[in-house]
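J.: Chain by chain, the residues:
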Amino acid sequence: MTVPAIETKELVREYRMKRSPQNPSGAPVVALDGVTLDVPQGEMFGLLGPNGAGKTTLIKVLVTLLLPTAGAARVLGLDVVGQVQQIRERISMVSGGEHSGYGILTVREQLWMFSQFYGLPSKPALARIDELLKVVGLYEERNRRTSALSTGMRQKMNLVRGLLSDPEVLFLDEPTVGLDVTAARDIRAYIKEWIRMKPGRTILLTTHYMHEAEELCDRVAIIHKGRIIAGDAPAALKLRATGGTYFLLTTETLDGISLAGLPGVQRADTRALDGRMELRLHLAEDGAIAGVVKVLADSNRRIFSLQKIEPTLEEVFVQLVGQRLEEADERKAGP
Amino acid sequence: MNDATPARGMLRLLRAILGRSYPRIIGANRDKSWLFYDTVLPLLGTIAFVYVYKALGAPERFVGYVIMGGATVAFWMNVMWSMAAQFYWDKQGGNLELYMVVPCGIPAILLGMSFGGFVGTVIRAIAIVAIGSLLFDVHYTVSQWPVFLLVFGVAIVGLYGLGVTFASLFLLWGREAWHMANLFMEPVFFLSGFYFPVRALGFWAGMGASLIPLTLALDAMRQLLFPGTHPPFLPLGTELGILGALAISFIVLARFLLRKMEYLARREGRLSLRF
Ligand SMILES: Nc1ncnc2c1ncn2[C@@H]1O[C@H](COP(=O)(O)OP(=O)(O)OP(=O)(O)O)[C@@H](O)[C@H]1O
Ligand SMILES: [Mg+2]
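So the protein lines, in turn, are chains S and A.
Heads up: the first sequence is residues 1 to 335, going by the numbering used here.
Heads up: the second sequence is residues 336 to 610, going by the numbering used here.
Keep in mind the hints are simulated off the structure, nothing from the lab.
Note that the coordinates shown come from a computational prediction; the quantities given were computed from them, not determined experimentally.
Note that the Cβ used here is the ideal one computed from N, Cα and C, for glycine as well.
Treat the hints loosely; a few may be bogus.
Some but not every residue of chain S turned toward chain A, in silico, with C-beta under 7 angstroms [stated by the list, open to error]:
1) Tyr15
2) Val63
3) Leu65
4) Arg88
5) Glu98
6) Ile104
7) Leu105
8) Gly119
9) Pro124
10) Phe247
Could you put together the complete structure from these sequences and hints?
T.: This is the structure we're talking about:
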């Protein structure tokens, strides 16, 4: 039996807060509220949750950047409090949108610099850098200054940085955040390619994109307000959303027509889409769709498309939390 | 990729130091404009002093003084601007977090940063002395090279120890420490005797100024460069001893602050750095 790549027990992490008008008692923020996880080696594990759910905090505890407030966490069987150095030898971390390194260096120089922090001999390090740059399609840019890279290129370079030391566990915190569709797809492809080339390596990836978790991960845990509310293979998770059926319907703007009260309609989520309205309907049974169509027809709304859909993680999330993931995003405090 | 086994211990430390010094040595010199900005501009500042001394009819050696002072200012600037403020920039870009989780550890990174900064500054200091001496036809004869280099080396260790100490303090205390440091810049220019013998300050002010390793180092080096004519602040041996003690103290202090900073960062989830 090998040790699990990641193991947490009732992990709690609080942030102490100063007294402020929003927080007059100075109560701490509970970012992780009793997280218990078990990720075997060789797994691609996804942590899916809205903004402020605690994803980054969990990663930081696991990579030894933050101390747990209570509970325990182990990486490769090593304790994140007492065996810090041993853990650091065997992991690496890449965050989405990070601006690491120095703009005056070229891509290749920068990656070489980081390889030195792991004690890699220069020649094989550079060979590995070139090889990985080819994999992510950045080889042509190897002699460009990092300050001149686009966001997507930068993120590819950061991914290479994370892979340089050939880590046993790789932590990826929202690796595709802020990237356009193509760059995000590329990044996902390289992640898959790496895990295919290196069986036995573990990835813990956080995201708030449902499809990303679904596409990449062997198992997904849904995290909300510092708690894991469900964890399983994506397919198994989706089975949990089986109560009723799901339809996707596009129509004209609704302007005050309410569908939520109709018989058999358990939930109707709307999303504006190129001047049209996309409705995701959760119905008690197939027949209830007739009532929806009738209301729309009676109000002279054209229906552009209607299809029955398989539940996705989106539906699972809604069922567990009672909100869509975007709605659950913690509102950023601001003026 | 057969021989790609990562090193540990001393070898990794050395590799990490060289790795981190690279952007400072190569990166910062790639753009040749430094030859102008980092040598001619500081010289312009010192030239004013040269003429003041000449006008006052001061002995020739004062010109050499001033040029040496200018070269030393380069080190002081490097430590204050590039070392002490570096953690702030590294924090902004996310480097600091990465540096905390790479296996070589933060001290290796800081050593690399210091080494890189030192090499870069030595090149600049040599350029300043060379250009300044050419312009004003100054000649130096170092009486005891080994002692001269020893004084310089010990002072540099102390100075960069001070830089690391400042870097950690900035992170721990944030903006206030930063402002304090800025406040200190000017008096330091004055007190360290970059441009005059520190003995002129009197004993107590001189001792106060000696907390900064450059003060005694300059005085000691001037004793070696202008033997017999430079009015020494303290005997050479005493100065060297104090410099050594300063270097050790700053290194111990820097290590302590670094540990504290790392611990606080892990406990609090942030450093109080709020600019
Ligand atoms: N350094 C900090 N100090 C105080 N509170 C913090 C700190 N970091 C995070 N928090 C709070 O802890 C909670 C969890 O934050 P965390 O960054 O872990 O969430 P996340 O899931 O990564 O969110 P996102 O998707 O926005 O990255 C949030 O309420 C956040 O405001
Ligand atoms: Mg996050």
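J.: Is the shortest C-beta separation between valine 63 of chain S and chain A less than 7 angstroms?
T.: 5 angstroms, holds
J.: Interface hint check: leucine 105 of chain S, Cβ to nearest Cβ on chain A, cutoff 7 angstroms. Holds or violated?
T.: Leucine 105 of chain S check passes; min Cβ-Cβ to chain A is 5 angstroms, inside 7 angstroms.
J.: Quick one, is the glutamate 98 of chain S hint okay against chain A at 7 angstroms, beta carbons?
T.: 4 angstroms, holds
J.: With 7 angstroms as the cut and Cβ atoms as the points, is glycine 119 of chain S at the interface with chain A?
T.: 3 angstroms, holds
J.: Quick check on tyrosine 15 of chain S please, does its C-beta sit within 7 angstroms of some C-beta on chain A?
T.: At about 5 angstroms, which falls below the 7 angstroms cut-off, the nearest Cβ of chain A leaves the hint on tyrosine 15 of chain S intact, so it holds.
J.: Measuring from the C-beta of proline 124 of chain S to each C-beta in chain A, is the shortest one below 7 angstroms?
T.: OK, holds: proline 124 of chain S within 7 angstroms of chain A, min 4 angstroms.
J.: Identify whether the interface hint at phenylalanine 247 of chain S stands, where standing means a beta carbon of chain A within less than 7 angstroms of its own.
T.: Phenylalanine 247 of chain S check fails; min Cβ-Cβ to chain A is 44 angstroms, beyond 7 angstroms.
J.: Does the CB of arginine 88 of chain S sit less than 7 angstroms away from some CB of chain A?
T.: Holds - the Cβ of arginine 88 of chain S comes within 7 angstroms of chain A, reaching about 5 angstroms at its closest.
J.: For the hint on leucine 65 of chain S, does the least C-beta distance to chain A fall short of 7 angstroms?
T.: Hint holds; leucine 65 of chain S Cβ to chain A Cβ min 6 angstroms, cut 7 angstroms.
J.: Using Cβ atoms only, decide whether isoleucine 104 of chain S comes closer than 7 angstroms to chain A, and label the hint accordingly.
T.: 4 angstroms, holds
Comparing the model with each earlier hint shows a violation of hint 10 alone; every other hint is respected.
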